[in-house]
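If you read the sequences in order, they're chains A and B. By the count of this note's numbering, the first sequence reaches residue 314 at its end, each step adding exactly one. By the count of this note's numbering, the second sequence reaches residue 628 at its end, each step adding exactly one.
Hints in this document: simulated from the structure, not taken from any laboratory. Where hints are given, some of them may not hold.
Unchecked claim - Below, in silico cross-link-like pairs of lysine-lysine (DSSO-like), each with a Cα-Cα straight-line distance of 30 Å or less: (1) A/89 <-> A/109; (2) A/112 <-> B/426; (3) B/426 <-> A/293.
Note that the structure is predicted; figures quoted are calculated from it, not measured.
There are 2 protein chains.
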Amino acid sequence: MFTKDSFYEVKERINPYIHETKLIQSKTLNQLTGNQLFIKPECLQKTGSFKIRGAASKVTALRQQGKEVKGLVTASSGNHGQAVAYMAKIFNIKAMIVIPNNAPLAKIKAIKAYGAEIVTVGPKSSERLAKAQEISQEMGYLYIPPYDDYDVIRGQGTIGLELVKENLAIDKVFVPIGGGGLISGISSCIKAFNPGIKVIGVEPKQSCCMNTSLKKGERTEITPNTIADGLRTVMPGELTFPLVQEYVDDLVLVEEEEIKEAMALVMERMKLIIEPSGAVSVAAMLKEEEKGKNLVAVVSGGNLDIMSISEILK
Amino acid sequence: MFTKDSFYEVKERINPYIHETKLIQSKTLNQLTGNQLFIKPECLQKTGSFKIRGAASKVTALRQQGKEVKGLVTASSGNHGQAVAYMAKIFNIKAMIVIPNNAPLAKIKAIKAYGAEIVTVGPKSSERLAKAQEISQEMGYLYIPPYDDYDVIRGQGTIGLELVKENLAIDKVFVPIGGGGLISGISSCIKAFNPGIKVIGVEPKQSCCMNTSLKKGERTEITPNTIADGLRTVMPGELTFPLVQEYVDDLVLVEEEEIKEAMALVMERMKLIIEPSGAVSVAAMLKEEEKGKNLVAVVSGGNLDIMSISEILK
Numbered sequence: 001m002f003t004k005d006s007f008y009e010v011k012e013r014i015n016p017y018i019h020e021t022k023l024i025q026s027k028t029l030n031q032l033t034g035n036q037l038f039i040k041p042e043c044l045q046k047t048g049s050f051k052i053r054g055a056a057s058k059v060t061a062l063r064q065q066g067k068e069v070k071g072l073v074t075a076s077s078g079n080h081g082q083a084v085a086y087m088a089k090i091f092n093i094k095a096m097i098v099i100p101n102n103a104p105l106a107k108i109k110a111i112k113a114y115g116a117e118i119v120t121v122g123p124k125s126s127e128r129l130a131k132a133q134e135i136s137q138e139m140g141y142l143y144i145p146p147y148d149d150y151d152v153i154r155g156q157g158t159i160g161l162e163l164v165k166e167n168l169a170i171d172k173v174f175v176p177i178g179g180g181g182l183i184s185g186i187s188s189c190i191k192a193f194n195p196g197i198k199v200i201g202v203e204p205k206q207s208c209c210m211n212t213s214l215k216k217g218e219r220t221e222i223t224p225n226t227i228a229d230g231l232r233t234v235m236p237g238e239l240t241f242p243l244v245q246e247y248v249d250d251l252v253l254v255e256e257e258e259i260k261e262a263m264a265l266v267m268e269r270m271k272l273i274i275e276p277s278g279a280v281s282v283a284a285m286l287k288e289e290e291k292g293k294n295l296v297a298v299v300s301g302g303n304l305d306i307m308s309i310s311e312i313l314k
Numbered sequence: 315m316f317t318k319d320s321f322y323e324v325k326e327r328i329n330p331y332i333h334e335t336k337l338i339q340s341k342t343l344n345q346l347t348g349n350q351l352f353i354k355p356e357c358l359q360k361t362g363s364f365k366i367r368g369a370a371s372k373v374t375a376l377r378q379q380g381k382e383v384k385g386l387v388t389a390s391s392g393n394h395g396q397a398v399a400y401m402a403k404i405f406n407i408k409a410m411i412v413i414p415n416n417a418p419l420a421k422i423k424a425i426k427a428y429g430a431e432i433v434t435v436g437p438k439s440s441e442r443l444a445k446a447q448e449i450s451q452e453m454g455y456l457y458i459p460p461y462d463d464y465d466v467i468r469g470q471g472t473i474g475l476e477l478v479k480e481n482l483a484i485d486k487v488f489v490p491i492g493g494g495g496l497i498s499g500i501s502s503c504i505k506a507f508n509p510g511i512k513v514i515g516v517e518p519k520q521s522c523c524m525n526t527s528l529k530k531g532e533r534t535e536i537t538p539n540t541i542a543d544g545l546r547t548v549m550p551g552e553l554t555f556p557l558v559q560e561y562v563d564d565l566v567l568v569e570e571e572e573i574k575e576a577m578a579l580v581m582e583r584m585k586l587i588i589e590p591s592g593a594v595s596v597a598a599m600l601k602e603e604e605k606g607k608n609l610v611a612v613v614s615g616g617n618l619d620i621m622s623i624s625e626i627l628k
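Extracted from the complex, chain A is given alone in its bound form (with noise of 0.2 Å):
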């Protein structure tokens, strides 16, 4: 549905904000698994996480419009909430974030670092994504959707660019779900490129909306309980359902135990934060059963307080 040229156009657009991330490997996880696998860092991409290539398409795709933007508002768990508020920083806009009164502290002081300012509501992502459309229709602020939004989704698809134009013959690419923004994008850019990678989607077990939805055949609501925080969605977005079930080759779901081993793993002996959300993957790419393979974990962002890992890894 998106054209090659479409990402190559985002992409273009978007390279003044964003880093063309490297990919890690790891003799060591090699060892562990009988396969070569690939880290796709987004945890050291700008504001730590992939978000800003969506936030950053958004925004200007919407300058490129011509459209007067005098500020954003956003509804988010913390990474993209962090996006928009670089954004808005860098054109000297303003930005108020709204989010959940559970959101981790390590973004919220990211957040008010990047100058905008901070809405707190309750912990369902209903009741983020009612204050921000509020104060977008009061302020009129621009409302910026963290994952049902194609200029989003396309931003998000830049790494799928970045991955097939890397010179390695990629078997599968494993991607975190929540809302579906980053798989859509990902898996909608690979498939126009090279459709022999296949593209897995993987969800925490205790909060797998797009997996329930996937069997159900329709959007579902779900109940979330992971330490995932950033994939604790409800449901599936409008946009992101279809373009999952078109492009998306299959769906790994991954115990909090596992999330928590490959958070482990990746800081003990790769040196690198991720935060739980970015781990699922990992975690999906470890327990892979093909041998002799090239595997991608994409490792979707690194904020996360870090006094509370022990914490979280307990």
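Since the structure of chain A is provided, determine the placement of chain B on it from the hints.
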């Protein structure tokens, strides 16, 4: 005292066993300080610290001389032990590692994972040294000194070689000091190539045997008391002390709180796991008073119990 060629020779000899670590920058840290800050991330080095360079240099030098090496033994608070264990594994010989009873669990686990045998003694470096030499005599294993050895020093000096080969007008390089092996190697290498680059040694204020010794003009014993477990050295080395006197431009002392802040900053903003001993150079770089300079902090390692991060930073 060492020629340029001698560093090239060592670098070529150890290249198969090490990573050439790439400098890392953080815009946030640059903005915070008004300098261009670079981190030489030896935490991403094989075995998680720079120590592999010296160990590889020593072992390969002996093999080049045609010496039969039936086993390796060393005394180490951890990182050097890991490096020796790793080299023994590479060459398929035995290793015995003498460590203090307060060494971090992550380091002990890693040494065991490389298949070496661990011998535990008290916390003083003199106890470890005596035990290692005893084993060396009884078993006929080759003793690999942690720092007081010209092959080891030249091995660590390859970091200096990589730095002078960077296309970058470096003003100052900050280097942690324990026994002085790392800074002896780096400073003698850098001064051989480019005497204009200033080499600054960094010690915890609560464990500054080099600073104390330099002031007295002779090697002096101290009682170390710092969270930087790799820098708890009682006295500078016999070989390293005169090299530091000759080649190091200045010394900076850092408080325990400054070490913790530097660790937290690198983990939060750069998503890199570094150990307290590796953070002292960053702490010194962060409080540099000159502005508009290109500064490099050698982050010596990243081996620590991730479960103890919040305890260390408290």
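Status of each hint after checking the structure:
1. A/89 <-> A/109: Measuring from Cα to Cα gives roughly 15 Å; hence the hint holds.
2. A/112 <-> B/426: Status violated; Cα separation ~44 Å.
3. B/426 <-> A/293: This hinted pair holds, its Cα atoms lying about 29 Å apart.
Checked against the numbered hints given earlier, the structure breaks only hint 2 and satisfies all the rest.
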